[in-house]
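Protein chains in written order, with the working numbering: chain R, 1 to 207; chain F, 1 to 207.
FYI, nobody ran anything at the bench for these hints, they're computed from the structure. It should be emphasised that the depicted structure is a prediction, and the values quoted were computed from it without experimental measurement. Just to be clear, a hint being listed does not mean it is correct.
Each pair may be met inside one copy or between any two copies, as identical chains are not told apart.
[Unchecked claim] Straight-line C-alpha distance at most 20 Å; calculated DMTMM-like pairs for lysine to aspartate or glutamate:
| no. | residue 1 | residue 2 |
| --- | --- | --- |
| 1 | Lys-201 | Asp-157 |
| 2 | Lys-30 | Glu-129 |
| 3 | Lys-75 | Glu-92 |
| 4 | Lys-147 | Asp-157 |
| 5 | Lys-123 | Glu-29 |
| 6 | Lys-191 | Asp-144 |
| 7 | Lys-147 | Asp-60 |
| 8 | Lys-201 | Asp-155 |
| 9 | Lys-191 | Asp-157 |
| 10 | Lys-201 | Glu-190 |
| 11 | Lys-191 | Asp-155 |
| 12 | Lys-58 | Asp-33 |
| 13 | Lys-75 | Asp-33 |
| 14 | Lys-58 | Asp-39 |
| 15 | Lys-191 | Glu-14 |
| 16 | Lys-123 | Asp-60 |
| 17 | Lys-104 | Glu-29 |
2 protein chains.
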Amino acid sequence: MNQEVVKRRLSSEERQSEIIRVSIELAAEKGVDSVTTQDMADAMQLTQGSIFRHFATKDDIWVAVVVWIRDRMMKVVGKAAAEASDPLDAIERMFNAHIAFIGKHPAIPRLLFSELLHKKNSKLRQLIEGIISGYEAKIAGLLDEAKAQSLVSADLDSQSAAVLYIGMIQGLVMQSTIFGGKRALQQQAEKTFPIFLHGIKTRSSSI
Amino acid sequence: MNQEVVKRRLSSEERQSEIIRVSIELAAEKGVDSVTTQDMADAMQLTQGSIFRHFATKDDIWVAVVVWIRDRMMKVVGKAAAEASDPLDAIERMFNAHIAFIGKHPAIPRLLFSELLHKKNSKLRQLIEGIISGYEAKIAGLLDEAKAQSLVSADLDSQSAAVLYIGMIQGLVMQSTIFGGKRALQQQAEKTFPIFLHGIKTRSSSI
DNA sequence: ACCAAGTTAGTAATTGGTGACTATCTTAAT
DNA sequence: ATTAAGATAGTCACCAATTACTAACTTGGT
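Go ahead and model the full structure; you've got the sequences and the hints to work with.
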């Protein structure tokens with residue numbers, strides 16, 4: 001009758017991963033700020049208090065979430081870049097990897113951009129700032145290489161182009177947040193990247 | 001001794017404007033979600049309860065804020081576009097007007113992008129979606145005109161370019177949120193726009 | 001191989017605090 | 001004198017964190 005679901009007891013490490021996972025899920029649904037520890041517990045069929053067996057404070061959970069994201073993203077994007085033949089190819093591969101990653105975890109850009117950035121918190125803020133500015137620096141660096149190889153315009157401002165690159169991703173995410181799901185994201189991304197690419201390629205003397 | 005500040009009593013209409021004003025200010029400082037009605041009251045030297053003489057619910061305040069932003073932005077951007085000589089010029093003038101407007105009210109993109117977009121609320125969400133998609137449609141429309149006048153590449157996807165345009169603004173805002181103030185925003189914007197512009201101009205057959 | 005002792009994850013109830021909203025009184029302005 | 005804005009003092013709901021306790025593993029000594 002009572003088909004009792006086997007309630008496994010998880011190790012603290014496993015449970016921490018579980019908490020991180022559901023936190024990301026919940027943040028995708030209702031936004032970071034409105035996710036409560038009760039929500040997390042409900043999503044895991046656990047009591048609210050037991051969360052604090054595994055994390056000292058709720059803030060620590062978000063820190064762990066952002067670290068998780070950073071590590072996964074670095075791995076995925078880094079692998080994509082490693083397979084590239086030249087700097088421009090690397091940027092394109094990173095872009096595609098990034099979009100695919102976001103498609104799998106729609107909550108992530110929402111977590112990184114904007115919301116947590118405005119917390120006084122400092123720990124979280126610094127973490128996120130580090131991720132974004134590191135990413136931007138990586139793109140700018142690749143663009144400098146591309147310039148050295150004459151793949152892009154010599155008078156291109158690499159940093160500004162990197163800002164546009166990241167903005168492009170933000171714009172695509174917002175677009176897909178408003179209209180439709182991830183299918184739209186992929187398709188829209190494919191159409192948008194060439195415009196960016198053309199923007200950084202050699203121009204005809206005049207600005 | 002007690003240099004009693006003359007505490008004027010405002011009409012409900014005046015007080016509503018005041019509430020909208022301080023709400024935007026506070027949202028810029030600490031993010032929309034963490035602004036309380038107590039914060040607003042403090043900022044106006046008023047008691048918390050009095051707020052509700054002028055707005056029925058807190059949500060109504062944010063609705064009023066977004067409506068205020070929409071009206072101001074439409075006016076500023078619309079005027080900029082009206083002075084333009086051609087569609088591309090209109091886009092550039094709109095961009096500059098938009099950046100200048102954001103420079104004056106740094107909270108605004110934070111209000112529109114992301115945070116309030118993820119509220120179930122519907123009223124607010126619809127309002128914001130309307131603003132963004134309307135803006136995007138306006139840009140896409142101008143790009144279509146530009147295409148008709150052969151000012152941009154004939155095979156340009158106007159909608160994708162509009163996504164990139166909006167993303168560019170988001171990227172610039174985020175950039176200036178992380179590093180430095182509005183001075184940086186203006187300067188960075190001037191360097192970034194030409195890259196976008198070049199991206200939409202005539203390309204050499206191949207994509 | 002066994003089991004008592006120790007350890008750790010989970011529960012249930014509670015605490016301290018905060019925030020939106022309200023009912024009632026007070027006062028300034030016409 | 002009337003009335004609308006503001007003050008005061010609440011209520012109610014929610015939430016992070018804690019505490020006292022229990023159930024389920026793990027392990028070392030026999």
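A quick look at each hint next to the structure:
1. Lys-201 to Asp-157: both (12 Å within a copy, 18 Å between copies)
2. Lys-30 to Glu-129: Between. Shortest inter-copy distance 17 Å satisfies the 20 Å Cα cut-off; intra-copy 23 Å does not.
3. Lys-75 to Glu-92: Only inside one copy: Lys-75 and Glu-92 sit 16 Å apart there, 38 Å across copies, limit 20 Å.
4. Lys-147 to Asp-157: For Lys-147 and Asp-157, the Cα distance is within 20 Å only inside one copy (10 Å; across copies 27 Å).
5. Lys-123 to Glu-29: between (24 Å within a copy, 18 Å between copies)
6. Lys-191 to Asp-144: The answer is between: 16 Å across copies meets 20 Å, while 25 Å in one copy does not.
7. Lys-147 to Asp-60: So Lys-147 and Asp-60 fail the 20 Å test inside a copy (42 Å) and across (52 Å) alike.
8. Lys-201 to Asp-155: Both: 10 Å inside a chain and 17 Å across chains, each within 20 Å.
9. Lys-191 to Asp-157: Between copies only: 7 Å across chains, 23 Å inside a chain, cut-off 20 Å.
10. Lys-201 to Glu-190: Classified as both: same-chain Cα gap 18 Å, cross-chain 18 Å, threshold 20 Å.
11. Lys-191 to Asp-155: Answer is between: at 11 Å across copies they meet the 20 Å cutoff, but 25 Å inside does not.
12. Lys-58 to Asp-33: both (11 Å within a copy, 17 Å between copies)
13. Lys-75 to Asp-33: neither (27 Å within a copy, 32 Å between copies)
14. Lys-58 to Asp-39: within (12 Å within a copy, 23 Å between copies)
15. Lys-191 to Glu-14: neither (40 Å within a copy, 48 Å between copies)
16. Lys-123 to Asp-60: Answer is within; shortest intra-copy Cα gap is 9 Å, inter-copy 33 Å.
17. Lys-104 to Glu-29: within (14 Å within a copy, 32 Å between copies)
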